[in-house]
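**Q** Letter by letter, the chains look like this.
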Amino acid sequence: MSISRYACMELLGRRLTDELVILSLGGAVDEWYDAAPHMRAASLFQQQLGCVSAEAFGLAVGLPHRRVVSLDTDGGLLFNLGILATLGNERPENLFVVVWDNEQYQSIGGPRTHTASGRVDLAAIARGAGIDQAHTVDTLEDFDAHCAAGLAAREPYLVVAKTDGVLQPGIRRKHSDGLEDKYVFVRHVEETEGITIMGPSEHN
Amino acid sequence: MQQEAVDAVLSGLKKAGVSVACYLPDSLLEELYPALDADPDIRTIQVTNEGEGAAICGGVFLSGKRAVLVMENSGLRASVEHLARMGLGAGIPVIMIMSHRGDLGENNWWAVPHGITMEPVLKALRVPYRIVRSADEVERAVTDAFTWSYTAYYHSAVVLSGETVR
Chain A
1078 MSISRYACME LLGRRLTDEL VILSLGGAVD EWYDAAPHMR AASLFQQQLG
1128 CVSAEAFGLA VGLPHRRVVS LDTDGGLLFN LGILATLGNE RPENLFVVVW
1178 DNEQYQSIGG PRTHTASGRV DLAAIARGAG IDQAHTVDTL EDFDAHCAAG
1228 LAAREPYLVV AKTDGVLQPG IRRKHSDGLE DKYVFVRHVE ETEGITIMGP
1278 SEHN
Chain B
714 MQQEAVDAVL SGLKKAGVSV ACYLPDSLLE ELYPALDADP DIRTIQVTNE
764 GEGAAICGGV FLSGKRAVLV MENSGLRASV EHLARMGLGA GIPVIMIMSH
814 RGDLGENNWW AVPHGITMEP VLKALRVPYR IVRSADEVER AVTDAFTWSY
864 TAYYHSAVVL SGETVR
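Keeping their order, the protein sequence lines are chains A and B.
Residues 1078 to 1281 (the numbering used here) are what the first sequence spells out, left to right.
Residues 714 to 879 (the numbering used here) are what the second sequence spells out, left to right.
The set of hints was computed from the structure by calculation and includes no laboratory data.
If you're wondering where the values come from, they're calculated on a predicted model, not measured in any experiment.
Quick reminder that beta carbons are idealized off the backbone N, C-alpha and C, glycines included.
A couple of the hints might just be wrong.
To be verified - Just the calculated beta-carbon pair ranges, DEER-fashion:
1) A/GLU1232 to B/ALA797: 31 to 39 Å
2) B/TRP823 to A/GLY1207: 28 to 36 Å
3) B/ARG790 to A/GLY1195: 29 to 37 Å
To be verified - To be clear about the criterion: a stretch of chain A counts as covered by chain B if any three or more of its residues have a C-beta under 8 Å from a C-beta of chain B, and this derived list gives those stretches:
4) 1115-1124
5) 1180-1193
6) 1231-1242
As the list claims (entries may be wrong) - Here are some, though not all, of the chain B residues that point toward chain A, as calculated from beta-carbon distances under 8 Å:
7) ILE755
8) ARG756
9) SER776
10) ARG798
Construct all of the structure, not just a fragment, from the sequences and the given hints.
**A** Quick look at the structure:
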């Protein structure tokens, strides 16, 4: 049984206001761009495997008073499973990790990932790495309930959503690249935190 | 590692405003890691590989805090994918301090590749670096690396070499 990633995103988006989001590559980029338009500036669209939850953790370390959401993927998490052990030991109190597990590398046409075998269980790996709150969901109701719990948790919380691999049709493509996305995100963090991250040079 | 060099690294990090250090321990910088752990102004995060450490440092940059990645120079090879994606793809900088394994004087066969590959990999990534062989140059190298990376929004590296680590 699997669920629509886009429908999950709509549910998650409804729960977000001042959180910060870092997300992985692939179809999830455009889907998140459309499913949660109010979170565009608060979301860093990262086009890379193995970086997303680690970057989200770094952000959570730097802003311990702010809730950070990592939207990772099966392919992305499998690229660096070590981050689960780091999260298990470091125990961030403000990091909610969602893993979109569609059992495929969707952005390149759908070759299967290791989770497609049915034997590789990312939530079980996470629990084994010390993340006690690691769950797999395959209904929208369960996903929504875990979003509520994960966004309020004071310990690392991970939910693996078994999604159907169907790209939401008719959605608007994001036009910006990684550099523009970084500037938008950094300026949003600066504005909402009242800080300077990328300030002026000595001389103009 | 010389105690003088350990002190100079810590001093440079403080002058640069660093509050987070990610590391994967190595032998040449053996004395630096407990010193970082013991420093009340720096949160240390031990990682499972240097690419993960680079990504965590990138996330810390986005928060407005400052982080450093400390590692053996072999870790550079493990972090190339993450550094290329974050640095070239998004302009998210990572400042690295690495030990110079495989330099002339190396007496471990397994470390020779680290010396052979380090500078070509740094150059391939277009990462400016300074190889420091004297403790009295360490602090300035660390602060210069942070100044450059927070101007260029790109990675930089300080390589601790020579008598600083042997």
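**Q** If you check the beta carbons of B/TRP823 and A/GLY1207, does the distance land in 28 to 36 Å?
**A** 31 Å, holds
**Q** Take a look at whether the Cβ-Cβ distance between B/ARG790 and A/GLY1195 falls inside 29 to 37 Å.
**A** 34 Å, holds
**Q** Quick check: the region 1231-1242 of chain A, covered by chain B? Criterion 3+ residues, Cβ under 8 Å.
**A** Coverage by chain B is violated for the region 1231-1242 of chain A (0 residues, Cβ < 8 Å).
**Q** For the region 1180-1193 of chain A, do three or more residues have a beta carbon lying closer than 8 Å to a beta carbon of chain B?
**A** violated (count 0)
**Q** Take the region 1115-1124 of chain A, compare each residue's beta carbon with every beta carbon of chain B, and decide whether three or more fall closer than 8 Å.
**A** holds (count 3)
**Q** Taking 8 Å as the limit, does the beta-carbon of B/SER776 come near enough to a beta-carbon in chain A?
**A** Since chain A brings a Cβ to about 2 Å from B/SER776, closer than 8 Å, the hint holds.
**Q** Min Cβ distance, B/ARG798 to chain A: is it shorter than 8 Å?
**A** 4 Å, holds
**Q** Does the Cβ-Cβ separation between A/GLU1232 and B/ALA797 fall within 31 to 39 Å?
**A** Holds, at about 33 Å.
**Q** For the hint on B/ARG756, just tell me whether its beta-carbon gets within less than 8 Å of chain A.
**A** 7 Å, holds
**Q** Regarding the hint that B/ILE755 lies at the interface with chain A, is the smallest CB-CB distance below 8 Å?
**A** The hint is violated - B/ILE755 has no Cβ within 8 Å of chain A, the shortest such distance being about 12 Å.
When each numbered hint is compared with the structure, violations occur for hints 5, 6 and 7.
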